[in-house]
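Peer 1: Given the sequences, and given the hints that come with them, work out the whole structure.
Protein chains: 2
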Amino acid sequence: MLVNLSSKEFINAVGSNSPAPGGGSVAALSGALSAALVNMVINLTVGKEKYQEYEEELIAIRDKSIELQERLTRYVDEDTQTFNLVMEAYKLPKETDQDKSKRSAAIQDAMKKAAELPLEVAKACLEVMRFSETVVSKGNTNCLSDGGVGCLMAHAGLQGAVFNVQINLGSIKDEEYKQRLTADIEQIEKEAEGLSKKVIAIVKSQF
Amino acid sequence: MLVNLSSKEFINAVGSNSPAPGGGSVAALSGALSAALVNMVINLTVGKEKYQEYEEELIAIRDKSIELQERLTRYVDEDTQTFNLVMEAYKLPKETDQDKSKRSAAIQDAMKKAAELPLEVAKACLEVMRFSETVVSKGNTNCLSDGGVGCLMAHAGLQGAVFNVQINLGSIKDEEYKQRLTADIEQIEKEAEGLSKKVIAIVKSQF
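Sequence order for the protein chains is R and E. Okay, so the first sequence: first residue is 1 according to this note's numbering, each after it adds one. Okay, so the second sequence: first residue is 1 according to this note's numbering, each after it adds one.
Everything labelled a hint here was simulated from the structure, so no lab data went into it. Being a predicted model, the structure only gives us computed values, none of them experimental. Do not take every clue at face value.
Since the list can't tell identical chains apart, any single copy or any two copies may satisfy a pair.
[What the hints assert, rightly or not] No farther apart than 27 Å at their CA atoms in a straight line, the calculated lysine-lysine pairs in the DSSO-like style are these:
no.	residue 1	residue 2
1	94	123
2	100	112
3	190	204
4	178	198
5	197	64
6	64	48
7	48	138
8	102	112
9	198	123
10	204	138
11	197	123
12	48	190
13	48	123
14	100	8
15	198	102
Peer 2: Structure representation (structure tokens):
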């Protein structure tokens with residue numbers, strides 16, 4: 001599994017001459033790191049008298065952000081797996097008409113999976129961004145920049161995942177499906193853009 | 001060393017109740033991953049006839065971006081090391097006036113190191129962003145989204161590093177030093193903002 005490689009090995013694997021792991025897995029990793037930063041800030045806030053009024057809210061977020069951290073960590077490998085499914089579909093025989101039709105259906109099927117996985121990454125990153133707003137506003141002020149970096153990493157993961165949805169949609173023929181996912185990512189990007197500006201402004205105002 | 005932990009272990013270490021590793025090391029990791037993505041796109045472009053006219057330019061970039069990938073990987077650990085130096089300085093005795101003056105000088109010294117390391121991270125990420133513009137314009141179009149994610153990760157790393165410069169500058173008393181570093185980061189952020197918009201527009205225009 002990719003996430004069992006050391007960070008150094010993973011970086012080297014990305015930088016190699018193999019197309020996988022690539023931007024999709026890196027986007028998921030960025031999301032996992034963002035959720036971890038949110039969790040760290042909550043862990044360093046809960047139990048401190050100064051922040052007692054926010055304790056219940058922060059604990060409720062942590063229950064969700066731990067799950068997001070674990071899920072986004074799994075997506076690092078799942079993104080590369082769906083990419084490999086697409087590569088395998090392209091390698092199917094294309095000699096007879098039946099072959100061609102089978103291959104084409106397999107490619108379309110794999111492409112849909114390869115578009116849906118980064119859509120899930122983007123949705124999970126958006127949730128982390130919402131939580132990052134809470135931690136930079138109500139979390140331990142000693143961790144202000146950590147919460148801020150959490151927001152940046154979630155936004156980069158989200159935008160990177162959206163690139164991966166879009167590039168795969170380019171090969172999908174089902175127009176209704178394309179329109180549905182395109183509408184989804186537009187909405188996600190819009191909310192993310194607003195959250196990013198808001199969180200960066202909160203962080204910068206406190207330096 | 002942090003970069004010898006598996007990605008999964010590193011994510012869990014960030015998400016724990018320890019303040020280190022935190023946003024500074026994550027920002028450096030984001031930069032290292034961005035340089036790796038640039039390198040991957042170059043590796044999957046060089047040698048292909050279709051891109052022959054850009055080959056020389058891309059190889060020249062790769063010579064530098066491999067060094068950036070290695071340097072940013074080292075910064076992952078160095079950022080946490082400088083953070084620990086600050087923590088150690090705060091633990092110095094403060095009983096006598098001489099203690100207090102020694103401790104204060106040690107804190108200021110450690111704070112400067114803790115501001116300068118993320119400044120180096122930000123500068124390195126800016127270089128990667130410049131290279132990402134070239135790879136999304138002249139690199140293998142099959143890797144368009146990878147080059148795009150490279151730009152996003154470099155920008156997140158840069159902005160996260162800038163947060164870490166700023167938070168440490170808040171504890172530094174040397175006004176001339178503060179002004180110099182503040183001017184540096186303003187210039188870096190401005191160029192990065194422009195590059196980010198440009199690269200995202202190039203990527204999105206090709207989907």
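Peer 1: Is it within, between, both, or neither for residue 48 and residue 138, if the alpha carbons may be no more than 27 Å apart?
Peer 2: within (12 Å within a copy, 53 Å between copies)
Peer 1: At most 27 Å between C-alpha atoms: does residue 102 with residue 112 qualify within a copy, between copies, both, or neither?
Peer 2: Close inside one copy (16 Å), not across copies (63 Å); limit 27 Å.
Peer 1: Go through the copies and call it for residue 204 and residue 138: within, between, both or neither, with a Cα cutoff of 27 Å.
Peer 2: Classified as within; 15 Å inside a copy, 36 Å across copies.
Peer 1: How would you classify residue 100 and residue 8 at a CA-CA limit of 27 Å: within, between, both, or neither?
Peer 2: neither (42 Å within a copy, 41 Å between copies)
Peer 1: Please work out whether the CA atoms of residue 48 and residue 123 approach to 27 Å or closer within one copy, between two copies, in both situations, or in neither?
Peer 2: neither (31 Å within a copy, 36 Å between copies)
Peer 1: Is it within, between, both, or neither for residue 100 and residue 112, if the alpha carbons may be no more than 27 Å apart?
Peer 2: within (18 Å within a copy, 64 Å between copies)
Peer 1: Under a CA distance limit of 27 Å, which applies to residue 198 and residue 102: within one copy, between copies, both, or neither?
Peer 2: So residue 198 and residue 102 fail the 27 Å test inside a copy (49 Å) and across (40 Å) alike.
Peer 1: How would you label the pair residue 178, residue 198 (within, between, both, or neither) given a Cα cut-off of 27 Å?
Peer 2: So residue 178 and residue 198 pass the 27 Å test across copies only (26 Å; inside, 30 Å).
Peer 1: Is the C-alpha distance from residue 197 to residue 64 at most 27 Å within one copy, between copies, in both cases, or in neither?
Peer 2: within (23 Å within a copy, 32 Å between copies)
Peer 1: Using 27 Å as the alpha-carbon threshold, which applies to residue 48 and residue 190: within, between, both, or neither?
Peer 2: Classified as neither: same-chain Cα gap 35 Å, cross-chain 38 Å, threshold 27 Å.
Peer 1: 27 Å Cα cut-off: does residue 94 pair with residue 123 within a copy, between copies, both or neither?
Peer 2: neither (36 Å within a copy, 50 Å between copies)
Peer 1: For the identical chains here, do residue 198 and residue 123 meet the 27 Å Cα criterion within one copy, between copies, both, or neither?
Peer 2: Classified as both: same-chain Cα gap 19 Å, cross-chain 25 Å, threshold 27 Å.
Going down the numbered hints, you'll see the structure goes against 1, 12, 13, 14, 15, while the others check out.
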